[in-house]
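Protein chains: 2
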Amino acid sequence: MGHSTDEKHEKKEMDTRSLSSSRHPSLNMAYIHKVGVPPKQNLFKEFKATVKETFFSDDPLRPFKDQSGSRKFILGIQAIFPIFEWGRRYNLTKFRGDLIAGLTIASLCIPQDIGYAKLANLAPQYGLYSSFVPPLIYAFMGSSRDIAIGPVAVVSLLLGTLLQNEIDPTTNPTEYRRLAFTATFFAGITQATLGFFRLGFLIDFLSHAAIVGFMGGAAITIALQQLKGFLGIRKFTKKADIISVMHSVWGSVNHGWNWQTIVIGATFLSFLLFAKHIVKHIEKGINPSSVNEIYFHGEYLGKGFRIGMVAGMVALTEAIAIGRTFASMKDYQLDGNKEMVALGAMNIVGSMTSCYVATGSFSRSAVNYMAGCQTAVSNIVMSCVVILTLEFITPLFKYTPNAILSAIIISAVINLIDFQAAILIWKIDKFDFVACLGAFFGVIFLSVEIGLLIAVSISFAKILLQVTRPRTAILGKIPGTTVYRNLQQYPDATKVPGVLIVRIDSAIYFSNSNYVKERILRWLTDEEEQKKVDYQPRIQILIVEMSPVTDIDTSGIHALEELYRSLQKRDLQLILANPGPVVIDKLHASNFTNVIGEDKIFLTVADAVSSCSPKLVEEA
Amino acid sequence: MGHSTDEKHEKKEMDTRSLSSSRHPSLNMAYIHKVGVPPKQNLFKEFKATVKETFFSDDPLRPFKDQSGSRKFILGIQAIFPIFEWGRRYNLTKFRGDLIAGLTIASLCIPQDIGYAKLANLAPQYGLYSSFVPPLIYAFMGSSRDIAIGPVAVVSLLLGTLLQNEIDPTTNPTEYRRLAFTATFFAGITQATLGFFRLGFLIDFLSHAAIVGFMGGAAITIALQQLKGFLGIRKFTKKADIISVMHSVWGSVNHGWNWQTIVIGATFLSFLLFAKHIVKHIEKGINPSSVNEIYFHGEYLGKGFRIGMVAGMVALTEAIAIGRTFASMKDYQLDGNKEMVALGAMNIVGSMTSCYVATGSFSRSAVNYMAGCQTAVSNIVMSCVVILTLEFITPLFKYTPNAILSAIIISAVINLIDFQAAILIWKIDKFDFVACLGAFFGVIFLSVEIGLLIAVSISFAKILLQVTRPRTAILGKIPGTTVYRNLQQYPDATKVPGVLIVRIDSAIYFSNSNYVKERILRWLTDEEEQKKVDYQPRIQILIVEMSPVTDIDTSGIHALEELYRSLQKRDLQLILANPGPVVIDKLHASNFTNVIGEDKIFLTVADAVSSCSPKLVEEA
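Chain order of the listed sequences is A and B.
Quick note on UniProt numbering: the first sequence kicks off at 1 and runs consecutively.
Quick note on UniProt numbering: the second sequence kicks off at 1 and runs consecutively.
Where hints are given, some of them may not hold.
Said to hold, decoys possible - Coverage of chain B stretches by chain A, computed from C-beta distances (three or more under 8 Å per stretch; other residues unrestricted):
| hint | segment |
| --- | --- |
| 1 | 321 to 333 |
| 2 | 454 to 465 |
| 3 | 515 to 527 |
| 4 | 584 to 594 |
Don't read these hints as lab results, they were simulated from the structure.
Every residue, glycine too, gets a C-beta built ideally from N, C-alpha and C.
Could you put together the complete structure from these sequences and hints?
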């Protein structure tokens, strides 16, 4: 072993020697490594690669490669219905885990469903219906092993708020319900379409920070609305914002709160918050068909579509976030687009069987995971318990006091307020924290939709800011190495006299090309003023380190040309270091390499510096 | 000199020797360079720096630094009215250049103004009015020396189309004109506001490619509309798209085109296209006041505001593009935000003196530059010629045949079709070319607004694509160096056995964090499959080169954590190379550095490789 290390050492010595000589172009030109120009790509190939990376980045057809026809068919069926794949390896041990997890989440979901249906202004049985059909469909089509499907608080609240703006649920309950099914149908269509056309990446635009803020705000709004049942107030506002709710609460103080209700609720709430055990609660019988209730024409079609799209996107965000979290905990891959098709299909079928929008629930999925679920069979178990409940014991639920229901909902949603995450966001990224706060206050002070809008807008603003104002840095040589790094990060790095080395930290596109050019000129002006003060030699060479510049467009090349012209007027040399494959290709295509000279482009900053420093020495 | 080179050489040798020994951590730990953690910044300072970089990246207050009170006042006046700065250095030589240039652009602008006013569905004198007041104001407030101010074809067409949708100019000419002044007023307000709040970077979102396509489409649309005057057709469509226009043209073939008109037009057009000389054409007297004609309330206020905003933004884009082009040709700096305030002020004053939206004209600015203009005085000269024309010779213009006017307009707009630029765009960036084509066909087949919308949407889509699907690359060692580069660009670079080196080429944000994580895992899977086929040792170490990763947010850190967990399950080591200042700061804040271990973060890929390769050797 010692021998091999020695050998290695010797080889390294040689490497570094040849490297050091390569840094003396005047002595030995041949050793300078040229910047590679990638082989010319066929236009169609290039286009195909881009499309593939954008829409098929997960390479979904990989398992189909080199397979026979019948095998391909089986794989296709398994791709749409993953149950046929993992089902073959299913056994009793796994079923034991799934049975216990399924029973646990069923006991949790039944009272939650009843409460959430109320948030959506629907009769309680619709919550239960939505915990029967969708989980079954998901079990066949979904690929997450830990997600628990059913109605969730945030989507119920959002759906309730949006539908209420169109139809009053107390005066027109039938039309309201029909619009709810229409919205559910289109929520499913939206989800399935996004998945089918592989546009799943669109939901990535809702940032984690925005979701934390939105969820926290929605949880507080929901909890506040439960004050109605909790305090036994009769006259209560229909609006969801905190000001209207507090107005209702304090307005009814004079009429006296119902103290018995408060005691029951408070006792039960504290019981739930500490023990995490759940008791249970309408109309008997399983889901009736609702195919004929969906509006396929008329004015409500458009409204249902719009509401469904928003609710469907929010539901997707929640389900995908949950799915990804648990998949990474158990280390399996989740195909986002396939998940979306599964969720979409389950909501489309749901809308035809009296269900409203279902998705993955944060609280129940966590319980499912903790109770030891193995596969989506736990959803089937839960579904069976819900059928039995619907068929036999629903009439008993009518005796459940409202205060208890409110307590159940409060205890469920309170977990959505994730202080730890908010603190971490504050620590890591202040801008993210603003997005988080914006969504939070938008939801509690204005409305659920506006909170969502604020969250999305701030997320977009952040992306735009990132692309318009990329970072630039001045580099210096780290003592004892040939490595050039950001002077801010490595204060002991030293500048090379007469040379300014600037690194651009982003692709150069139309949105930032002018900024980049002007920023570099400003670095130069700053530096020149500094040199004047310090009586140091003036700057003769500007080296632009292009390693992080992954792409450049026509505006970017214009900006470089303008930079070059400005430098020429000031009698300064422009040198580029390490342009990437795409960039060097485009610099060639636009003839810019000939304008500045091929010999002004180097593989590394170190090469560039060593090639020009002899000249500086000569002139000194 | 020889001596100093020798000395340098010796120093280098030492450097490289210490470098090479630094690559043997087992021999000499002390030489490994740690990744620097930048000094902790005050939150307020950090915030101030971000705001400064976003809104004041040009450092507008630099000249005010360390000046006395009265000097600051003078500098302030000069900042708002640059004429007081350059005016003091003005002399007779400069005036000669400006006089000739001013007379030249005046002779060009008078017939153009009359034609453009027709595009905006206004009486011809309003075109001339707009070439009198706005250039004067600009001369005092603007900082470009070469731009020629006045009505331009594209903005006139856009304004005409948008206003026509609201009010019919033939039946309600007075109301139409009033709305035009209202729109002009708000165009000015929009421009001045963007400049004042330093939001000038917003116009950078209209990419160069989109502008080329939009301008080309608008030019063809304008030229087609001139067929009415050129062919002497009486009944002509009011719509601007190519299908309606061609329908009008061929529909009137049967009724016979007016051959005399065609001969005059064709002769004149060919004369103009070859000789570039212009003849001249209405109501006598200078601009009447129009303060009372602007709608400050009522339904037209909102419409005027909307139209003015769109027209103002397009006018800005054109003026800034022209200003920047000529500024870079003569190498002076242009303050985009100051320009916007100047353009805004000139349109606000213009709207009160019977002018419609004026901006910088491509064709006239080029002529101005070529004729040897020195300062904005050429605009004052032009303005004076226009006053004289308005006062004395406008009545003569009524004898100008329509065919000649059409020919003048066609010859002016045909220069807006920039084939060369389109070809260059095709060569450099195919996606840009799609944006260019989209804008072009949108304008000629649909309408000016839709073309503009398509251009903006495609530009945005490009930005979004850039942030959702950043590039990643596999690195290899370039033989004879310690430099690691993209294997695609440098096919002779070699992989290190047992190690996979991946570079992420973008900041890691919520919009791409999942993609980045999954892409890295896919690289790993691909590589492992390859190794299996080739019977090579399995991969034990994944080095992520973070140099281009300028920033990371909470979602990005989550993704890294998930990546780390996945790698742990597969018994692989995660090593980070060269995280930047912001990234290392956030990795510390989120405790991720402790999770993976401080000793797993290296300054360079070479350091990382050399620190782990002894281990690989041991195990081999």
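Hint-by-hint comparison with the structure:
1. Counting residues of the segment 321 to 333 of chain B whose C-beta lies closer than 8 Å to any C-beta of chain A gives 5; at least three are required, and the coverage claim holds.
2. With 5 residues having a Cβ less than 8 Å from any Cβ of chain A, the segment 454 to 465 of chain B passes the three-residue criterion, so the hint holds.
3. Counting residues of the segment 515 to 527 of chain B whose CB lies closer than 8 Å to any CB of chain A gives 5, which reaches the minimum of 3, so the coverage claim holds.
4. Given a C-beta distance limit of less than 8 Å, the hint that chain A covers the segment 584 to 594 of chain B holds, as 4 residues qualify and 3 suffice.
Of the numbered hints given earlier, the model fails none.
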